[in-house]
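Asker: Residue strings, one per chain:
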Amino acid sequence: MNLALVSRLAWRDLRSGEMGLLLVALLVAVGTVTSISLFVDRLQGALVQESSNFLAADRQISSSQAIPDDFFLRAQSKGLETAQTLVFQSMIYGGDNNQLVSVKAVDEAYPLRGELIVADQPFADGYPINGVPAPGEIWLDSRLFPALGVSLGEAVEVGMASLRIGGVLVAEPDRGGSMFDLGPRLLMNLQDVPATEVVQPGSRLSYRMLLAGDNDELETLKEALPLQPNYRWASIRESSSSIGNALDRAESFLLLGGLLGVLLAGVAVGLSAHRYAQRHFDHVGVLKTLGATPGQILRGFMGLLLLVGSVAILLGLAAGGLLHLAIVEVLAQFLPVALPVPGLRPFVLGAVTGLICALAFAMPAFVHLKNVAPMRVIRRDLGVTPLSRWVSYGAAAIGSLVLLVWYTNNLWLTFWALAGAVVVITVFGFVAYWLLRGGRVAGMQAKSGWRLALSGLQRRRQENTAQILIFGLAIMLLLVLVLIRTALIEEWRSQIPENAANHFVMNIGMDEVDGVGELIEEFATQGEFLYPTIRGRIVAINDLDAKAWRAQKPQVRRRMSSERNLTWMRTLPGNNALTEGEWWDVGDARPQVSLEQEYAQEMGLTVGDNMTFDIGGQRIDAVVSSMRTLQWESLSPNFFIIFSPAALEEFPATYMTSFFLEPENKSFLNTLLSQYPTITVIEIDSVIEQVQTIINQVTQAVELILVLVLFSGCLVLIASIQASRDARMSELALVRALGGTRRLIAGSLTGEFLILGAFAGVVAVMGAEVTVAALQTQVFELSASVHPWIWLLGPLCGALIITVVGLLGSRSLLDSPPMNVLRGLN
Amino acid sequence: MNSDLPMSRIVVSAEGVTKVVPTAAGQLVILDGIDLEINAGESVAIVGASGSGKTTLLGILAGLDAATEGAVRLVDADLSRLDEEARALVRGQYMGFVFQSFQLLGSLTALENVMLPVELRGDRMAADQARQLLTKVGLQERVDHYPRQLSGGEQQRVAIARAFASNPKVLFADEPTGNLDTQTGEVICQLLFELNQEFGTTLILVTHDRGLAERCDRTIAIAGGKVAL
Ligand SMILES: Nc1ncnc2c1ncn2[C@@H]1O[C@H](COP(=O)(O)OP(=O)(O)OP(=O)(O)O)[C@@H](O)[C@H]1O
Ligand SMILES: [Mg+2]
Chain F
1 MNLALVSRLA WRDLRSGEMG LLLVALLVAV GTVTSISLFV DRLQGALVQE SSNFLAADRQ
61 ISSSQAIPDD FFLRAQSKGL ETAQTLVFQS MIYGGDNNQL VSVKAVDEAY PLRGELIVAD
121 QPFADGYPIN GVPAPGEIWL DSRLFPALGV SLGEAVEVGM ASLRIGGVLV AEPDRGGSMF
181 DLGPRLLMNL QDVPATEVVQ PGSRLSYRML LAGDNDELET LKEALPLQPN YRWASIRESS
241 SSIGNALDRA ESFLLLGGLL GVLLAGVAVG LSAHRYAQRH FDHVGVLKTL GATPGQILRG
301 FMGLLLLVGS VAILLGLAAG GLLHLAIVEV LAQFLPVALP VPGLRPFVLG AVTGLICALA
361 FAMPAFVHLK NVAPMRVIRR DLGVTPLSRW VSYGAAAIGS LVLLVWYTNN LWLTFWALAG
421 AVVVITVFGF VAYWLLRGGR VAGMQAKSGW RLALSGLQRR RQENTAQILI FGLAIMLLLV
481 LVLIRTALIE EWRSQIPENA ANHFVMNIGM DEVDGVGELI EEFATQGEFL YPTIRGRIVA
541 INDLDAKAWR AQKPQVRRRM SSERNLTWMR TLPGNNALTE GEWWDVGDAR PQVSLEQEYA
601 QEMGLTVGDN MTFDIGGQRI DAVVSSMRTL QWESLSPNFF IIFSPAALEE FPATYMTSFF
661 LEPENKSFLN TLLSQYPTIT VIEIDSVIEQ VQTIINQVTQ AVELILVLVL FSGCLVLIAS
721 IQASRDARMS ELALVRALGG TRRLIAGSLT GEFLILGAFA GVVAVMGAEV TVAALQTQVF
781 ELSASVHPWI WLLGPLCGAL IITVVGLLGS RSLLDSPPMN VLRGLN
Chain R
1 MNSDLPMSRI VVSAEGVTKV VPTAAGQLVI LDGIDLEINA GESVAIVGAS GSGKTTLLGI
61 LAGLDAATEG AVRLVDADLS RLDEEARALV RGQYMGFVFQ SFQLLGSLTA LENVMLPVEL
121 RGDRMAADQA RQLLTKVGLQ ERVDHYPRQL SGGEQQRVAI ARAFASNPKV LFADEPTGNL
181 DTQTGEVICQ LLFELNQEFG TTLILVTHDR GLAERCDRTI AIAGGKVAL
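Protein sequences appear in the order of chains F and R.
So the first sequence is numbered by the numbering used here: it starts at 1 and just counts up by one.
So the second sequence is numbered by the numbering used here: it starts at 1 and just counts up by one.
What the hints contain is simulated information worked out from the structure, not anything from laboratory work.
Just so it is clear, the structure is predicted and the values come from calculations on it, not from any experiment.
Every residue, glycine too, gets a C-beta built ideally from N, C-alpha and C.
Some hints could be false.
As the list claims (entries may be wrong) - Cβ-Cβ distance ranges computed for the label pairs, FRET-style:
id, chain 1, residue 1, chain 2, residue 2, range
1, R, Leu28, F, Arg437, 46 to 54 Å
2, R, Asn179, F, Leu808, 34 to 42 Å
3, R, Asn179, F, Trp406, 52 to 60 Å
4, R, Val21, F, Tyr393, 22 to 30 Å
5, R, Ser50, F, Tyr393, 32 to 40 Å
6, F, Val707, R, Gln129, 55 to 63 Å
7, R, Pro22, F, Ser783, 55 to 63 Å
8, F, Thr777, R, Leu28, 55 to 63 Å
9, R, Leu28, F, Ser310, 42 to 50 Å
10, F, Arg437, R, Val21, 53 to 61 Å
11, R, Pro22, F, Leu808, 37 to 45 Å
12, R, Asn179, F, Ser310, 35 to 43 Å
13, F, Arg437, R, Ser50, 31 to 39 Å
14, F, Tyr393, R, Leu28, 29 to 37 Å
Construct the complete structure from the given sequences, taking the supplied hints into account.
Answerer: See below:
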C-alpha cells in the first residue's frame with residue numbers, strides 16, 4: 001500500500017474513533033512516564049539537595065586530627081568546592097557568668113549546602129544570611145544571652161581571645177551532623193582560633209572538611225585520598241541512617257511507581273491494539289481478496305502504527321511536560337524546596353517508552369493482521385494461527401522486561417514485580433476460570449437479568465478469564481502501591497513520632513533525679529526512660545586479659561579496654577530485639593550482660609562467655625546471657641552493653657533521661673542548667689525537625705506518584721472494557737432485537753460487570769498480598785504482614801469501579817435503538 | 001470483448017481438487033477430486049445443496065484458500081504452487097469479487113471503495129472513472145456516502161462497481177443476491193451480466209437462484225464433494 005493510502009486509512013480510522021483508544025493509551029503511556037520521571041528527577045534532585053543541607057555539603061571528611069592541606073589541594077584541583085569547620089567544647093566568660101558551650105569555627109566558604117539562619121534579637125524569628133561571622137566576631141545561640149547576661153555588641157572571652165557578639169544564631173544546616181555535640185552553640189571565624197589558644201595537644205577536637213560538587217569527581221576523590229585509618233568519609237546516607245533509609249526506600253518506591261505506570265500503560269496499549277486489529281480482520285480480508293499482498297498489509301499497518309505512534313509520542317511528551325508543570329504548581333506550597341531544572345532524560349525516557357510500547361505491545365497485534373486468511377471474507381470464524389499468538393505474547397513479555405529493567409535500573413525490583421504478575425497470571429487464571437464455572441451453577445436459579453449475565457460470562461469464558469486477569473492485574477498493582485506506601489509512611493512516622501523526645505539529659509546525680517524530674521514535669525514532657533549510667537571498661541574475657549584476647553581474635557578491631565557507658569535494666573527496652581539467649585528474670589541473682597549483636601561479633605564474643613569489667617577500680621564478672629539488635633534509626637539512646645540488675649544495682653550511677661520541649665520554651669534549658677549546673681543537656685530538636693521535613697516531602701512525592709499510577713490503572717480498565725465491548729454489543733443487540741427490555745439489558749450488564757469486578761478483586765487481593773510480602777521483605781527491608789481489610793475492600797472496590805466504568809462505556813449501547821447497534825456492527 | 005483472449009481459451013481449471021478439514025469427529029472430506037475447465041468469457045453457475053461445498057470450491061478456485069490436493073490454474077499460473085504473497089498479486093491483477101455480505105470497507109466512502117483495488121495495485125485511478133462506474137450501477141448520487149448510509153442492494157451495487165474497477169479477467173461471486181429481495185436481486189443480476197458483457201469478463205458464480213443459474217452459459221452441480229453430471 002502506498003503512503004497516501006495508508007495515511008488516508010489512518011485518518012479515517014482516527015476520525016471514526018477506531019484508532020482513538022490506541023492513540024490515547026500510547027499518549028498516556030508516554031505522558032505518565034514523562035511526567036513521573038520529570039517529577040521524580042526533579043524531586044530526587046531536590047531531596048538530595050535538602051539532605052545535603054544536613055551535612056552542609058555533599059560529602060564530609062571528619063577526624064580528630066587537622067585535615068591535611070593536601071586533601072584540600074586535591075579536591076580543589078578536581079573542581080570541587082571545599083570548606084572547613086572545627087568543633088570543640090570550651091568554657092566562655094561573659095559579664096559575671098561562665099558557660100560551657102560547643103564552639104564551631106568555620107571558614108568563609110561555609111556552608112556549602114543549606115544556609116545559616118540568624119536573628120536580630122535573641123529568641124526572635126530568624127532569616128537566612130550569606131556569610132559567616134567576621135574575624136573578631138561571634139554569633140551565639142539565643143539562650144546564651146540570658147545565661148551569660150550579655151547582649152548584642154558586648155564582648156565574650158573565648159579562651160585567651162575576646163570576641164564581640166555580632167549576631168544571634170538560630171540554625172545551622174549541619175547542626176544534626178553529630179548528635180553528641182554538647183551544649184549551646186557559639187559560631188566563630190576559623191581565623192580567630194589560634195588567638196584563643198584552646199587548641200592544645202590532647203584537647204578534644206573535631207575537624208571537618210566539607211566537599212561539594214560533581215558526584216563522580218567526589219567518588220574518585222574518595223578512592224584517591226589516604227583516608228584510613230584517621231579520616232572518616234561520610235555522605236548523607238552514611239551519616240544519618242534514618243534519612244538515608246528513607247531516601248533509599250522513597251527512591252525504590254518512586255521507581256516502583258514508575259514501573260507500574262509503564263506496565264499498566266503497556267497493557268492498555270496492547271489491549272487497544274488488539275481490539276483495533278480484531279476490528280480490522282474483515283477489513284484485511286477484503287483488502288487481500290482485492291489483491292493486497294501480506295507484505296503490503298504488513299508495511300501498510302506498520303506505517304500506520306508508526307504514524308499514530310509518532311503523533312502519540314509528540315502529544316504525550318507535551319502533555320507530560322504540562323502535567324508535570326501543573327503538579328509542581330499545585331504542590332509548590334507543600335514543597336518548600338526549590339526544584340532544580342530537569343534534564344532531557346525524562347523526555348528521552350518518555351519517547352523511548354512510547355516507542356517500545358508501540359513495538360512490543362501494539363506491533364504483534366498489527367503483525368497478526370497480515371496472517372488473516374482472505375477466505376475470512378467468506379467464512380468469518382477463521383481466526384489467526386495460534387503460533388503467531390505465542391510470538392506476540394512473547395514479544396510483549398520481552399518488551400516489558402526490557403522496558404522495566406532499563407527504566408528502573410534495578411533487577412530485583414523488576415524481578416519481584418514480574419514474579420508477582422506471573423504468579424497472578426498462572427495461578428489465578430485457574431482461580432478465575434473456576435470462579436466462572438461456579439457461577440454457572442448459581443446462574444441456574446437466578447432471575448432473568450442475572451441468568452443472562454451469567455450465561456454471557458459462561459459463553460465467553462476464555463475472554464472473561466483473560467479480562468478478570470487484566471482487571472485483577474491492574475487492581476493488584478494499585479493495591480501493591482497503596483500497601484507499600486502505607487507501610488513506608490507508617491514506618492517513617494513511627495521512627496519519629498510527633499512529640500518525640502527532643503532533648504536528652506545526662507549526668508544526673510542520684511540525689512538530683514527527683515528534682516530534675518519535677519522541673520521537667522513542670523515545663524516539658526518527660527520522656528519514656530530513666531537509665532542509670534556507670535562508666536567502666538572491659539579488662540578480661542574468659543580470664544584472658546583484654547590484650548591477650550585481642551591477640552587471639554584477629555577480627556577484633558575496636559579498642560576493647562576504652563572506658564564506655566554501661567547501664568543496667570530490669571526489662572528489655574522496646575526498640576531492642578533479642579536474637580540469641582534469654583533476658584534475665586528480675587530476681588535472678590547471677591550477674592549477667594546482654595550485648596548488641598554486631599558489637600559482640602566484632603569483639604569475638606558469644607553467649608556463655610565470661611566478661612570482667614573494671615568499674616571505678618572494682619572488678620566485676622558477668623556472663624553473656626543474650627544478644628540483641630538495636631534500632632539505629634530511632635532517636636533514643638542505645639547501649640552496646642546492658643547489665644542485669646544483680647550486677648550493677650549497688651554501684652553509684654548517674655542517670656540519663658529525655659524530654660520533649662516545645663520550641664518556644666527553649667529558655668527552660670537555662671533554668672534547668674542554672675539549677676543543676678553539672679548535668680548535661682543534648683539538644684536533638686533540630687535533627688528531628690530536619691528529619692521530619694525530609695520525610696514529609698518524601699511522603700508527598702510518594703502519594704503523588706500513587707495518584708498518577710491510579711490514573712494509568714483506570715485507563716487499563718477502560719481499554720479492557722472497550723476491548724470486550726464488541727462481543728458484548730453484538731449479543732446484547734440481538735437480545736434487544738429479540739425483545740429484551742432496556743432494563744433487562746442494563747441489569748444483565750450490571751450483573752456481568754459486578755461479577756467480573758468482584759472476581760478480579762479476589763484475584764487482585766491474592767496477588768497483592770504475595771507481591772507486597774515479597775517486596776517488603778526483599779526490597780524495602782520491612783517485615784511482611786497480612787492485610788485483612790483488603791480482602792473485603794478489594795472485591796468490593798473491583799466490583800464497584802468496573803461496574804461504573806463498564807456501564808459508562810456501554811451507555812451508548814443502551815440508549816441507542818437496537819437497529820443502530822446492528823447496523824453499526826456491519 | 002478482450003481481443004487477446006479468444007473464446008476457447010481456458011482461464012480457470014481445476015484438476016483433482018480435494019479439500020479435507022480436520023474436525024472433532026475426524027477428517028471431513030468436503031471436496032473429493034473436482035475436475036473442471038472454464039473458458040474465457042464464459043459465465044458459469046455453481047449450484048448444489050446447502051453444505052455441498054460450493055463456497056469452498058469457489059474459495060479454492062479464486063486462490064482465497066488452498067486445496068488439500070490437486071491443482072488449480074488461472075490462465076497459466078498454477079495457484080496451488082504460489083504462496084500467499086504471489087496469490088494476492090494474481091488476485092489484484094486478474095480477479096474481481098462480489099460477496100453475499102457485500103464486504104465494503106466501512107471507513108471508506110462508496111467512491112473510495114471503488115478506487116481501492118486499483119490503488120492497491122499501486123496505480124492511480126481517476127476519480128471520474130470510478131464515478132462513471134458508480135453511475136453505471138445507478139449510484140451517481142451516493143458517491144460520497146459511507147456503506148452504513150446505504151441499503152443492502154446499494155451496497156451490493158457499490159461492490160459490483162468495485163469488482164469491475166480493476167478490469168478483471170475473472171469475476172467470482174458467492175451468492176451475490178443471497179441477501180437481497182427478489183426484485184433487487186434481479187437488478188443486481190442484470191447489472192452483473194451487463195457489465196460482464198461490456199468488459200468481456202469470465203463470470204463464476206455460486207447461487208441458489210434458479211433464474212440466475214439459467215442465465216449463465218453453463219451450470220456445474222456439486223454433490224457429495226464431486227461434480228454431478
Ligand atoms: N473450516 C471448516 N471446518 C469444518 N468444516 C468446514 C470448514 N469449511 C467448510 N466446512 C464444512 O464443509 C461443508 C461445505 O461448506 P460450504 O460452505 O462450502 O458449503 P456451501 O455449499 O457453500 O453451502 P451454502 O449453500 O449453505 O452456503 C459444510 O458442511 C461446512 O460445514
Ligand atoms: Mg456457501
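Asker: Confirm or reject each hint.
Answerer: Hint check results:
1. Taken as a hint, the range 46 to 54 Å is violated for the pair Leu28 of chain R and Arg437 of chain F, whose Cβ atoms sit roughly 31 Å apart.
2. Distance hint for Asn179 of chain R and Leu808 of chain F: a CB-CB separation of about 35 Å, consistent with the stated range 34 to 42 Å.
3. The given range of 52 to 60 Å is respected by Asn179 of chain R and Trp406 of chain F, whose C-beta atoms sit roughly 53 Å from each other.
4. In this structure the supplied range 22 to 30 Å holds for Val21 of chain R paired with Tyr393 of chain F, their Cβ-Cβ distance being about 27 Å.
5. For Ser50 of chain R and Tyr393 of chain F, the Cβ-Cβ distance of about 39 Å falls inside the hinted range of 32 to 40 Å, so the restraint holds.
6. Separation of Val707 of chain F from Gln129 of chain R is about 58 Å and conforms to the stated range, judged on CB atoms against 55 to 63 Å.
7. Between Pro22 of chain R and Ser783 of chain F the C-beta distance comes to about 57 Å, which sits within the given range of 55 to 63 Å.
8. A hinted range of 55 to 63 Å for the beta carbons of Thr777 of chain F and Leu28 of chain R is consistent with their spacing of about 57 Å.
9. Hint check: Leu28 of chain R to Ser310 of chain F, Cβ distance near 48 Å, so the stated range 42 to 50 Å holds.
10. Under the hint 53 to 61 Å, the C-beta atoms of Arg437 of chain F and Val21 of chain R, about 30 Å apart, miss the expected range.
11. For Pro22 of chain R and Leu808 of chain F, the Cβ-Cβ distance of about 44 Å falls inside the hinted range of 37 to 45 Å, so the restraint holds.
12. Checked against the hint of 35 to 43 Å, the pair Asn179 of chain R and Ser310 of chain F passes, with Cβ atoms roughly 41 Å apart.
13. Checked against the hint of 31 to 39 Å, the C-beta distance between Arg437 of chain F and Ser50 of chain R comes to roughly 36 Å, which is consistent with it.
14. The hinted range of 29 to 37 Å is satisfied by Tyr393 of chain F and Leu28 of chain R, whose Cβ atoms lie roughly 31 Å apart.
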